[in-house]
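**Q** Listed below, chain by chain, are the residues.
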Amino acid sequence: MTLKPENAAETVDGKSKKQLKKEAKDAEKAAKKEAHKASRGAAEETEDSGIDVSEGKYGSLGMIQSNGDSQLAARQFVHVRDLENNKADQIVWVRGRLHTSRAKGKQCFIVLRQQEFTVQGLLAVNDTISKQFVKFASNVTKESIVDVEAKVSKVPKKIESCSQKDVELHILQLWTVSSAKSQLPLLIEDASRPVKDEEEGEGLNIRVNQDTRLDNRVLDLRTPANQAIFRIEAGVCQLFRDILTKKGFVEIHTPKIISAASEGGANVFTVSYFKGSAYLAQSPQLYKQMAIAADFDKVFTVGAVFRAEDSNTHRHLTEFVGLDLEMAFKYHYHEVVDTIGNTFTEIFRGLRDNFATEIATVGQQFAVEPFQFLDPPLKLEFPQAIAMLREAGVTIGDEDDLSTPDEKLLGRLVKAKYNTDFYILDKYPLAVRPFYTMPDPNNKKASNSYDMFMRGEEILSGAQRIHDPEFLVERAKHHAVDLEKIKAYIDAFRFGCPPHAGGGIGMERVVMLYLGLDNIRKTSMFPRDPKRITP
Amino acid sequence: MSVCMYKLRPIVNHDDPLPVPSHNMYNMKPVQQTAGAQGQEKTSTSVATVRLADLSGRVQELIQGSKGDMAALEGRQEDILKKLSKLRIDIEELRAILRQPSQVTVGSLSTPSNVTCPPCPEIGDSPDIVLNANPAYPPFSVLGLVRVWHASCPIQLSNHTHSSVKEGPSSAHTFVNNVTGVPKLKITLIWKEVAETELVTNPVKHITVQGETNVLRFLSRVGPSNYAYESSSNLSQITLLDEVLDNCQRLARSKNVKEKQAIIRTFNASLGKNEWMCGQPTLSIIDTAVWSVLKQQGSSASLTQTLTKWMERCDAVLL
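Protein chains in written order, with the numbering used here: chain A, 1 to 535; chain B, 1 to 319.
Honestly, the hints are just simulated from the structure, not real lab data. Quantities reported herein were computed from a predicted structural model and do not represent experimental measurements. Don't take every hint at face value.
As the list claims (entries may be wrong) - What the simulated footprint calls covered on chain A by chain B, stretch by stretch (three residues with Cβ under 8 Å from a Cβ of chain B suffice, anywhere in the stretch; the number is not a length):
1) 215 to 228
2) 510 to 524
Stated by the list, open to error - Straight-line Cα separation of at most 20 Å, PhoX-like style, residue types lysine-lysine; simulated pairs:
3) A:Lys487 / A:Lys477
4) A:Lys379 / B:Lys255
5) A:Lys154 / A:Lys142
6) A:Lys415 / B:Lys255
7) B:Lys255 / B:Lys295
8) A:Lys157 / A:Lys142
9) B:Lys186 / A:Lys415
10) A:Lys29 / A:Lys181
11) A:Lys256 / A:Lys275
12) A:Lys379 / A:Lys408
13) B:Lys205 / A:Lys408
14) A:Lys477 / A:Lys444
Cβ atoms here follow ideal geometry from the backbone N, Cα and C, with glycine treated the same way.
With the hints as extra help, turn the sequences into a complete structure.
**A** So, in structure tokens, the structure goes:
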């Protein structure tokens, strides 16, 4: 609601009593108006003209309580997506949201939206459509859900503003199912406006900032790009499951409440657990490995992972969905690396082939380069990466871990040379990996461990794990890890365990990097970070 | 010169004694003596005979004493040879450090049968090169070279399919070569949507090499010396070979059937009645280039009998 602009000439500093009173009065007036407007149905519109020829063709359906009206049940609905040329001249029912409405004298144009699909609707006063009907249509609030009966008709000129460009709806009936508040915290139109780097001068360039979006996530999620992003995310998860199941993996579920920190030890959330306390799992790794020791051979798990890291970056969340896998191998851990690499390639190929329209939709709002990959994936060894970085002028030691800028640069170098956004970096230095990493038999300083990268950002970190309890104790001592705390972990290997390796990825991060988005909050439906636990 | 048109009087008369100014500061003995120096000459010959006698005496002495010293002499010779070979190794190392391709010394040190690859400054420490190739036109020439160079210049070859294409060519599985030991060169072949074959060595320092024949030119410089057609001293021959290579490029780019046939005719002319292209004694880079581009044309190119036979010869060696 708008307040009258302050009369600056009268009062110099602060607001006078009179003015405050006036403001309060204005506010009251506006609120009254609002309430009045909302309470008024379609019927009261009759007062300004005579007979309403369209009576019974419009109005509110009231709250649908499933009362079994056979007349309503007989309505056959068509999805907006299916409104094409072949439906021309048919009379259809459509349920959608009122995206926009624009009244122009005796006409009213509306845009109906169902998910990311939009279609134009037209209402003009004639012998069957009354003035009141048109007025009612123009007063329906944006984002309200409406049922529309209309005749599909071809248009001579393509409608560029809608996803269904070839047809429009000539409305016969219009019923509101659920009406939205008249004032929205953000407009879908603004939220789905393409992100451009430079001000182009033409038209409005209103943007909705990230926090407003996240505070009103329900509205924000209605944008075409968000509809597409979360369908792609579902695709990633489903492809991961399908591909691994086909490869003979078994899906397992691991506990999320644990008694001790699983990975490294730091950064766990403590929760009260009856009289004591417990932790939230920050990795299902131990349980995956126990499943391997229990002869499941190949396992994967999809589940929430918690990290109590107080880092407010574009790529960290405190809760995310982990896609983890672990696999026993025969003689060489490259069997596992190749399996994981191949899984990624198949996921990328599945996305490229099955989600082309969704990817294009996201591309319309966030213009990014399409993801490129190689089949089979590119595999580089750590020393090669170091050599590439040195050639580019980075000073780095043989046993140094890669810093985030180095990783980014390496990603760009690899992209320039090998044309791939995804690659595997093998044989990390032993010194920078956790104690359970198997050392390389040929090179004391290297280890049987690997990282995988997408667009220069690490998405998976994995290794051949030590499966021999004595050697594990030795390595743990070398790293000064408290043996008492990892007793359960070591004990898991005391009854014989096949050699195994594995790794885990963050689903949100993979989707973000696949689409080339700049913030992980865009790919988490309700993101959790150090500063946000609502909604 | 009995008949002469003009008669010239001598400018300087050597017979007349030159007048010496009386007030000269330094007196010099005449350098050239014309006459009256017989006596002096006699004394010099006598000195020579004395020296000669002295030398023969020494030789006699040496021959007599040599029986004992022979072993010592041999030892000294051995020492010198050792020093020389050490020097040679040092120089080799130095060259490796400086990474200078020195054809001349390599040629003079090694016999022609012992073919080596010169070190390549473009490639540097990491001999990883990337080839982007369109699956519609597989670079058979590179595959052929990998096959024929397997002993002199082992190349590791692997191939990947880029996301811009659905799948690699049907012959993709042949573009693999595993090397036992350290490969001289690692080629990563990527099937990609590109207009023509590209070679990437180091994107930071170098631009890409475009076109299959240019890739071959690059490989001929880094590969074994007997395939380096540019190292020949016969400049006209090199130009001739370059022209055939350019024709390969033209054929690859040509979209016109008439033009294609004309280019294939030039190949026929280059082959003539010889066993290999341009009368080369053995299979050369040129053969691989022409063979590859004709293979890419497939059945659309109509070949003469000699060309077909030559193609079969190439198939036998290169595939």
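**Q** Confirm or reject each hint.
**A** Okay, the hints, checked on the actual structure:
1. 215 to 228: Not satisfied, violated; 0 residues make the cut.
2. 510 to 524: violated (count 0)
3. A:Lys487 / A:Lys477: OK: Lys487 (chain A) and Lys477 (chain A) at ~13 Å, within 20 Å.
4. A:Lys379 / B:Lys255: Outside the cut-off at roughly 38 Å; violated.
5. A:Lys154 / A:Lys142: 25 Å, violated
6. A:Lys415 / B:Lys255: 32 Å, violated
7. B:Lys255 / B:Lys295: 16 Å, holds
8. A:Lys157 / A:Lys142: With a Cα-Cα distance of about 26 Å, the restraint between Lys157 (chain A) and Lys142 (chain A) is violated, given a limit of 20 Å.
9. B:Lys186 / A:Lys415: 18 Å, holds
10. A:Lys29 / A:Lys181: 18 Å, holds
11. A:Lys256 / A:Lys275: 18 Å, holds
12. A:Lys379 / A:Lys408: Holds: Lys379 (chain A) and Lys408 (chain A) sit about 17 Å apart, inside 20 Å.
13. B:Lys205 / A:Lys408: 19 Å, holds
14. A:Lys477 / A:Lys444: Holds, at about 17 Å.
Checked against the numbered hints above, the structure breaks hints 1, 2, 4, 5, 6, 8 and satisfies the rest.
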